[in-house]
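Make a model of the complete structure from these sequences and hints.
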Amino acid sequence: MSLNKIARLPSARLLSSIHQQHQPPLLHHPSITPLTVPRRDVTQGGYRRPGQPTEDKFPWEKIHFDFAKGLEGIKKHFTLMKNEFSERLLVGPKGKPLLVHMLEQNNVIWEFRGPESLEQWTVSSDREIGGQSEVYLKMGKNNTCFLYGNLSSTTPRDGETRYSGYCSMRSKQPLTAFDRRNYHDWSSFNTLHLRIRGDGRPWMINLAPDMYFTHNKEDIYSYFLYTRGGPYWQDVKIPFSKFFLSSRGRIQDDQHPLWLDKVNTVGFTLGDKVDGPFQLEIDFIGISKDYAHTEEFAYEVYKRNPEV
Numbered sequence: 537m538s539l540n541k542i543a544r545l546p547s548a549r550l551l552s553s554i555h556q557q558h559q560p561p562l563l564h565h566p567s568i569t570p571l572t573v574p575r576r577d578v579t580q581g582g583y584r585r586p587g588q589p590t591e592d593k594f595p596w597e598k599i600h601f602d603f604a605k606g607l608e609g610i611k612k613h614f615t616l617m618k619n620e621f622s623e624r625l626l627v628g629p630k631g632k633p634l635l636v637h638m639l640e641q642n643n644v645i646w647e648f649r650g651p652e653s654l655e656q657w658t659v660s661s662d663r664e665i666g667g668q669s670e671v672y673l674k675m676g677k678n679n680t681c682f683l684y685g686n687l688s689s690t691t692p693r694d695g696e697t698r699y700s701g702y703c704s705m706r707s708k709q710p711l712t713a714f715d716r717r718n719y720h721d722w723s724s725f726n727t728l729h730l731r732i733r734g735d736g737r738p739w740m741i742n743l744a745p746d747m748y749f750t751h752n753k754e755d756i757y758s759y760f761l762y763t764r765g766g767p768y769w770q771d772v773k774i775p776f777s778k779f780f781l782s783s784r785g786r787i788q789d790d791q792h793p794l795w796l797d798k799v800n801t802v803g804f805t806l807g808d809k810v811d812g813p814f815q816l817e818i819d820f821i822g823i824s825k826d827y828a829h830t831e832e833f834a835y836e837v838y839k840r841n842p843e844v
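Quick note: the sequence shown uses this note's numbering, first residue 537, plus one each step.
In case anyone wonders, no lab produced these hints; they're calculated from the structure.
A couple of the hints might just be wrong.
What the hints assert, rightly or not - Derived DSS-like pairs: lysine-lysine, alpha-carbon spacing no greater than 27 Å straight-line:
| no. | residue 1 | residue 2 |
| --- | --- | --- |
| 1 | Lys708 | Lys773 |
| 2 | Lys773 | Lys825 |
| 3 | Lys598 | Lys773 |
| 4 | Lys708 | Lys611 |
Unchecked claim - The calculated label-pair distances, taken between Cβ atoms and stated as ranges, are:
| no. | residue 1 | residue 2 | range |
| --- | --- | --- | --- |
| 5 | Thr615 | Arg649 | 19 to 27 Å |
| 6 | Arg649 | His613 | 24 to 32 Å |
| 7 | Val772 | Leu673 | 15 to 23 Å |
| 8 | Val837 | Asp602 | 46 to 54 Å |
No residue lacks a Cβ here, since even glycine has one placed at the ideal position from N, Cα and C.
Take a look at the structure:
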């Protein structure tokens with residue numbers, strides 16, 4: 537091929553022509569085509585579940601730009617900033633007087649009285665890893681949070697997943713103005729108070745505090761929630777000292793008390809390996825100060841530097 541013809545070719549055809557000229561002929565098997573290697577992810581950093589297809593889109597291609605939506609967001613965040621300054625400087629935490637906040641013994645964090653209260657929660661199941669469990673969240677007939685679905689312990693056929701069968705509901709991370717992370721400060725209380733009605737299945741309550749190091753982001757504090765079943769409501773009070781530390785589903789040998797000044801989320805998980813339908817109805821989730829409970833931590837704490 538002459539130089540004049542090469543100069544007129546596009547870059548893609550130029551590379552293909554050069555590749556064809558320098559590629560040695562296939563011996564004995566002229567009908568064999570070159571092997572195709574799957575292309576790696578664009579970001580090179582996200583974890584992909586087994587069996588899920590790769591995404592070829594760039595991260596900025598998923599963003600939908602809308603001018604009207606941007607104005608609504610600016611108005612929302614400036615309103616949150618105004619409320620944040622007024623609560624801290626003029627009144628007190630959550631708009632209450634400081635004396636009332638100091639002497640408060642009960643506080644309702646989540647009270648389900650309308651569809652807007654469900655927007656603070658999110659549900660998930662093993663369908664994210666290829667399982668068959670289903671979970672749904674809606675408002676109950678008595679203006680309560682109604683969590684229901686079907687649990688299935690059938691493992692996905694991906695050759696890697698060994699266990700399956702879980703459904704969960706978790707609160708969203710509280711945010712302040714301009715999407716700054718906020719936390720639940722429960723340092724003045726020592727007991728978690730729930731009013732629930734279940735079908736007799738055992739649940740797990742999870743509290744996720746904010747950690748200083750990234751390798752502790754999977755650490756959560758958990759405790760058991762046993763429902764009775766039947767038509768009657770039950771008031772459950774669990775001291776925070778009973779919650780034990782676990783990481784990625786494994787209970788840790790080195791236990792530490794829960795940091796109540798920075799609690800990110802609260803969650804409920806079902807994974808009792810019993811296939812079938814389930815339901816859990818929640819009236820409210822609150823915290824209380826029980827002066828009769830004086831226990832600081834229910835589990836053995838190891839000394840890192842023993843006394844000599």
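Here is how each hint holds up against the structure:
For the suggested pair Lys708 and Lys773, the alpha carbons sit about 22 Å apart, so the restraint of at most 27 Å is met. With a C-alpha separation of about 11 Å, the suggested pairing of Lys773 with Lys825 holds against the 27 Å cut-off. This hinted pair does not check out: Lys598 and Lys773 have alpha carbons roughly 44 Å apart, beyond 27 Å. Only pairs whose Cα atoms come within 27 Å are accepted, and Lys708 paired with Lys611 is accepted, the gap being roughly 21 Å.
Roughly 22 Å separates the CB atoms of Thr615 and Arg649, a value that falls within the hinted 19 to 27 Å. Between Arg649 and His613 the beta carbon distance is about 26 Å. The supplied range of 24 to 32 Å therefore holds. At about 20 Å, the CB distance of Val772 to Leu673 agrees with the hint of 15 to 23 Å. Separation of Val837 from Asp602 is about 52 Å and conforms to the stated range, judged on CB atoms against 46 to 54 Å.
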